[in-house]
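Colleague: Listed below are the residues making up each chain.
There are 2 protein chains.
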Amino acid sequence: MKTKNQKSANEVEILTGRLRELSYLSSAISVLHWDQEVYMPKKGADARASSISLLAGLVHTQFLNIDHDGLLSSLGKKLSAKKLQPHDAAIVRETVRSFEKASKLPETFVKEMAELTSKAQHVWVEARTKNNFALFAPYLEKIVAKKREEATLLGYEVSPYDALLDTYEPGMTSAEIERIFTDLKEFLIPFITQIRKSSIGARPRTNTTSAQFPLEKQIAFNTEIAKAIGYDLDAGRIDVSAHPFTTDFHPHDVRITTRYNLKDPLESIFPTLHETGHALYAQGLPHEHFGTPLAEAVSLGIHESQSRLWENLVGRSLPFWKHWYPRLQKTFPKAFTSPLGAFYRSLCRVKATPIRVEADEVTYNLHIIIRFELEKALIEGAIEARDLPRLWNERYREYLGITPKDDAEGVLQDVHWSSGYIGYFPTYTLGNLYSAQLWNTVRKEIPDLDKRIAKGDLKTLREWLRVCIHRHGKYHSADDLILNITGEKLNPEHFSRYIREKYSKS
Amino acid sequence: MKTKNQKSANEVEILTGRLRELSYLSSAISVLHWDQEVYMPKKGADARASSISLLAGLVHTQFLNIDHDGLLSSLGKKLSAKKLQPHDAAIVRETVRSFEKASKLPETFVKEMAELTSKAQHVWVEARTKNNFALFAPYLEKIVAKKREEATLLGYEVSPYDALLDTYEPGMTSAEIERIFTDLKEFLIPFITQIRKSSIGARPRTNTTSAQFPLEKQIAFNTEIAKAIGYDLDAGRIDVSAHPFTTDFHPHDVRITTRYNLKDPLESIFPTLHETGHALYAQGLPHEHFGTPLAEAVSLGIHESQSRLWENLVGRSLPFWKHWYPRLQKTFPKAFTSPLGAFYRSLCRVKATPIRVEADEVTYNLHIIIRFELEKALIEGAIEARDLPRLWNERYREYLGITPKDDAEGVLQDVHWSSGYIGYFPTYTLGNLYSAQLWNTVRKEIPDLDKRIAKGDLKTLREWLRVCIHRHGKYHSADDLILNITGEKLNPEHFSRYIREKYSKS
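Top line first, the protein sequences correspond to chains A and B. With the numbering used here, letter number 335 in the first sequence gets 334, and the count goes up by one each step, no holes. With the numbering used here, letter number 154 in the second sequence gets 153, and the count goes up by one each step, no holes.
The shape of chain A in the complex, shown without the other chains (with noise of 0.2 Å):
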């Protein structure tokens, strides 16, 4: 006779066995997308969107009917009463969870978000383009009327932006941001007026001479720098797109894209570093695990962390430099002539610009609490699609003592509201502040990790990582994973003086 325990444990068996078809067919469809954005010919799109959307369609039923036979409720049941084993509650917890959020959304619901989204992008491209807010406006109207709608179907406590926060930040609420984000303010605008004002901001962006920088010595060095971290080419790839991105289909399918300039080898080695912190993230989660909550990133801001870490924490690091700037001069040895500490001094440039993905990272937040504060009010009511560029601009004065030019440069440069991605940009800031206070932990927890960064070896943080975050997935929430590692909340602190002692002192 199986005992009740015995009993639970399979029927979480079987549970993760339809976990991991489901995530079978989700990894099908980030092929198409990866594809999508790296190799398939321009005629191909409409097929392949029509392909993408019927996977995703069979993705979504195929999830409410998970149930079908009480399974997770049962499941359900025995969590609340306590009687499962942690990694089987954690899977339970975390099913129950996007079950509950999934199952209130209506197909009809999903189909119209996922058309209209689609047709916004395309606007959306059309009125960057053209510099014309007015063509994506009602776009945009649309899509806070159905984001709000989204918000409602969802439910929340305080406010309806909290509702779409948690698809992005499980657990994380508005009132949170909005507290996190004050301090951060108040420190940055007018730490960064203090820089304006310094030699900070009037460094040159690079010490490059005007050299033409080969792809393949590119590529190679790239893929040097991405392999000494840790990060397994036989199980992933890197390759070129107009937007650097991460994507995994499986723990030992995780690709990365970067772009390069052959004016500029930097241009490239930020974004690889950057998009190498995703993919080590996606690699450490335990393969053994694959379909369930336990090998999934634990939210979006704790995955940007671990870019952010090694984009900047590390790839801004003079000890990073040691190391890596002689191989540097080495590979273009007609251009990199200056000195070790005017090339870092070149890395740590502030300067106010328009552009998100082109700020440094200490203006970078500013960016986000911006968008932050205006889509927070657009789905809160408060104001609506047509005040956005009047206000943009005003923030953006009041925040970084600067003006976008046109629209194109200002409300319309990113691509996520047209998406329908509302509640998405705080993980940026997240993500650095979760990275910061990471930092400061395993700079304690490893005293020499300076001088193991600046002798090449980079494979101990990587492991630090991989032993702290990677292997949890979710089985903890991403409060409880920061506690546990650093001893505390997330304390937007460290990032402040991190950002203080290197800004101040350089």
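A couple of the hints might just be wrong.
If several chains are the same, the list does not tell them apart, and a pair holds so long as it fits within one copy or across any two.
As a list, the in silico PhoX-like pairs of lysine-lysine whose alpha-carbon atoms are at most 20 Å apart [unchecked claim]:
1) Lys329 x Lys118
2) Lys350 x Lys196
3) Lys226 x Lys41
4) Lys226 x Lys42
5) Lys118 x Lys82
6) Lys77 x Lys6
7) Lys141 x Lys118
8) Lys226 x Lys129
9) Lys103 x Lys145
Read the hints as simulated data drawn from the structure, not as lab findings.
The hints should help you fit chain B onto chain A, whose structure is shown.
Modeller: Below, chain B without anything else, positioned relative to chain A:
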């Protein structure tokens, strides 16, 4: 009120919608296969196999569900009563045909076959590497047993082989193949013996020097040829894989692969010509009928006729190289120093060799005939898998006058049997025969074709193929299609004459 015809048309529309959905899902599987062969990192293999098999299962189930409301049955009755418009009739005829075949194979059978061939392919790779047929034999035995079972499930009148052949070459029978192949053997075996005594077999393979041929230049040259033929690279791409292949996701996304040898550019040019021939067919299918049999290739034999026509009838002709040889010389000025005539003769080398994919256009068909005779005997139970190495070598001695040095170079060389592709091989030779017959017709219909090709005009021929073959999809049967175009049924005499004329006078 709707007329009966309108009602049928609506039913066909509903059927078309269902078929189209299935095709978009099948396209997703094809993308996964393409990526697997071209870009997938090696550790991704297991997860990929799971995604593919799940999707394949879904497509199979969904196809079997296509008649859940009796739609197809109702249309089938109207087809029998000749109440459908010709295009609708073709859609229904071919869908009923596929549906009846698929319905005869139980799901457990399909799954078992998939698992068996998946394992068998791995074992075959190992057996070939280790030159150990005994490793592979038990798997081949099981595959043959399963294929015999498949033939029984599908049903047949004369030979169980007919049931398998019909999957690849609808309407063809083994008796017909036997008749054709017997004629061909009677011509080829003495003809090759005669050539062996002449100077044709002794010609050097290429007249290149030992120069290196840079990859970028080879890629550019191959791309130029493919474009000149009419391959639309906005709806396609050329990548690299170990075994060149063509895959199509939609007429607007048709991809080929080739392979490059840095020591011999001709080793990529002929595969590129071959695969481009396939690609033109797939791009030429009527995209407005995507999903239905009207946008599917009529048979593998006709598909192969398109690749062989470009590879051999065009690609190994003097007019073609009149235009392209000077370009090849210009691209690789140091390498191709001999005059056009000598270069052309070096392309027309005939020599029996043990490996099928390296065979010239004369000996190639004997490789196929041997495989056909052996696999037919296997399926009919006249021989067993363990007899194959001995029989294989005997036939090679008898038909080609050579003995493979071992099984890796002999019976283990092809992947087909390990994949369960029994009944597939004859379509290669059918392709050669169809291509010569089509060639005979087009040269009559376009009397100045040689001159056009010599001037670099390949699009006249492409257009002729599009109008006569590509745009028809499965509207006609292969038999009727060839009859309509050439005025006669498949007639191997055109191929024999082409070979006799080309290789006797030169």
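Colleague: Broken hints, numbered, in rising order?
Modeller: The structure breaks hints 1, 5, 8; every other hint is satisfied.
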